[in-house]
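For the sequence shown, the numbering used here begins at 45 and goes up steadily by one.
If you are wondering where the hints come from, they were derived from the structure by calculation, not from laboratory data. Worth double-checking, as some hints may not be accurate.
Stated by the list, open to error - Using 30 Å as the maximum straight-line C-alpha spacing, the simulated DSSO-like pairs for lysine-lysine come out as follows:
(1) Lys626 with Lys503
(2) Lys609 with Lys547
(3) Lys626 with Lys562
(4) Lys609 with Lys503
(5) Lys503 with Lys547
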Amino acid sequence: MLKKVWAYLVIITGAVAGGTLATFVPDGHESQANSPPALITPALFAATPVVANKPVVDGELTGDWKQWGGSSDRNNVAVGVNIPTAWEVGDIDEETGAWDAASAENIKWVAQCGSQTYGNVVIADGRAFIGTNNRAGYLARYPGDIDLGCLLCFSTKDGSFLWQHSSEKLDTGRVHDWPLQGVCCASYVEGNRLWFVTSRGEVVCLDTEGYHDGEDDGPAKAGMGRLFLESPLLQAGLDENNLLPALAALLETNGVSLDGQTRLKVEEEGTRWLLQIRGEDGTAFYRITREDPQLHVVKIADEQETNGQPVVSAHTRLTEGLDQGQVSPALAALLAKRGFDLKQVKVTKDGNAWKLAGTVDGKPRTGLVRMQGPNLTAFKQITAEDKGEADQIWVYDMMKEQAVSQHNMCSCSVTAMGDLLFVNTSNGVDESHKNIPSPNAPSFMAMNKNTGKVLWTDKSPGLNILHGQWSSPMVANLAGVPQVIFGGGDGWVYSFQADVTDKPELLWKFDANPKDSKWLLGGAGTRNNIIGTPVAYKDRVYVAVGQDPEHGDGVGHLWCIDPSKRGDVSPQLVVEVNDRKKIVPPRREQNMEAEKGEVAIDNPNSAAIWHFYQFDYDGDGEISFEETMRRTCGTVAIKDDLLFIADFSGLFHCLNAMTGEVYWNYDMLSVAWGSPLIVDGHVYIGDEDGDVSIFNLSREPHEPIAEINMLTSVYSTPVVSHNVLYISNKSHLFAIANDDADTAEGDANEGQP
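Between the sequences and the hints, there should be enough to build the whole structure, so can you do that?
Here it is in structure tokens:
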């Protein structure tokens, strides 16, 4: 049984009175609030109404879910009726990823994603958009063993694949583009346009219809799409027991099935190999011999046989015949396997490249083959005939244009106000984790969403970036002013005037870490950056701190901030002991250093309304693990003044959003990466064990009403659109709805193929 800790007493860590704030600060700081915290009295406890556990519809059903959090205020709350609290996902074939619906209950459809899916799903116009990697291999030119960042588009009618945007991995490797992580952000959709940030550090605008509308929308017309990059030698890789795609394609073209278990044995290096294929009908043997300029494949009865039935005799070089205007059978087979079955080919030499012109399915198509160093690479011209490809409107390369150097990956779920698109660039440290290679590159940007033109940038975190910057911006009208709020990689929260188009206008900034907190490599310290997204609720801003999940557990902080103040609105300021009017500027590793004669004092301009990081739930005078707020990647969700957040240690917290009162805490005993969803009187949260825990929307302490396993880890956040619950685990996206209930999609599926 899962461990649980109930909190009947609560702590107010900040209180606004007469325009001043007394805020709780850890020991070692000078503060006017070091007196014992006030406890909630029974009268105050009873004054807060209990939320009834029943479906409540306070407006029309939530329709399209067009961005992370559902709207630019990022509060993950939906309106739905009869949203399931029980379901069975069915079975997934481990090898093929195929869904077996025989044992499934309340599952509308399942779509296969990649092997690691962190991007949250967005639903618009009958389409589901989700970031992942390429393990599913939907495009013939990019088989599943090619690592890509992918944005996949499915039909919400039946989960069928529609199109894919593909981002090839950066040559610089994991410092900028971590293997297998794919696209980790959520998209933003308006009308038939979609914006997102690729794993390569590009901001991209796409046509949501893809090429299913039969048009290549502009201004950026489709370019050349890579088909393959490999050695021009047909026998390459055999000595390393690898059957490269070119030879595999040629074998399959000539009737050799490679569906079984394949084993290669080197009999004579460089000239002779034995290929063994074990399938359902037994084992087949082939001997491969190289006799320049030919490669021969002969079928034999057993390993010892030397002669047999010829299967393939082909030139050892894929480029053979190109200079004479011909495409070799091996090259033609590989092109066909990668979805470019070119017929009636005309070849034209162009330097070290060859232009190909012909037809595919009777339609004129063009391609290009060229030497790239020691390798041969091929491309096809993407056209509106390529229904599985994304239709790109514009692209902006932040690495190239702004010298951004993202750490490990670029990930930001963009949002917009009017024509302004807001982006966190992910600028970060290098592989040493100590240096910021591009301190003058922007951390935050505003762009024209229609053209991709950059309108303003801001580099405030600068040399104080701790690690990476993977938070996403929030936009809301707060205290009568449109504000765009960013979580910085330095652990500060920054607010800018959101309707300014020519320069950044900083309204306020807030240090979300205690001034004596310290940054240490690998997560050993107490200073954190911000990965979750700020949330707006009732003219307040809510944000929590955390670190890269690989850094593990650590102390965290959850803040409620007054966005009406201006300037440095941090809870405290660092000053010199001998000159308290001299404010010490922020530092990267540690802001306050007592040994240098510095001290933290309360900031009279503080915007902190309340702060939660620990509370003695059981009243034993000690703070245990379960009685703390830990680091989090997550974002709060709030409804009826009830705030919910999961931390990276698996603790799920419920607080009063207005006062910071702690109502209860539940230990899920598993790491939580995602954020809660509130809908239909319930709260849904996933964890690394693959469980989705469902709680009542109530301040009363209680166990989950259900815990449903999704087969693999749930790193994402559940959403509801048109009365359908969407949850993705590592490898699949599930559309969940009661089997006996009609969904309310209306005309959402119009225009679907």
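Results of checking the hints against the structure:
As the CA atoms of Lys626 and Lys503 are separated by approximately 24 Å, the hinted pair is consistent with the 30 Å bound. Between Lys609 and Lys547, the direct Cα distance comes to roughly 20 Å. Compliance with the 30 Å bound is thereby established for this hinted pair. For the proposed pair Lys626 and Lys562, the alpha carbon gap of about 22 Å is at most 30 Å, so the pair holds. Note on Lys609 and Lys503: the hinted pairing holds, with a Cα-Cα distance of about 22 Å set against a maximum of 30 Å.
Of the supplied pair hints, the one linking Lys503 and Lys547 holds, its CA atoms being roughly 12 Å apart against a limit of 30 Å.
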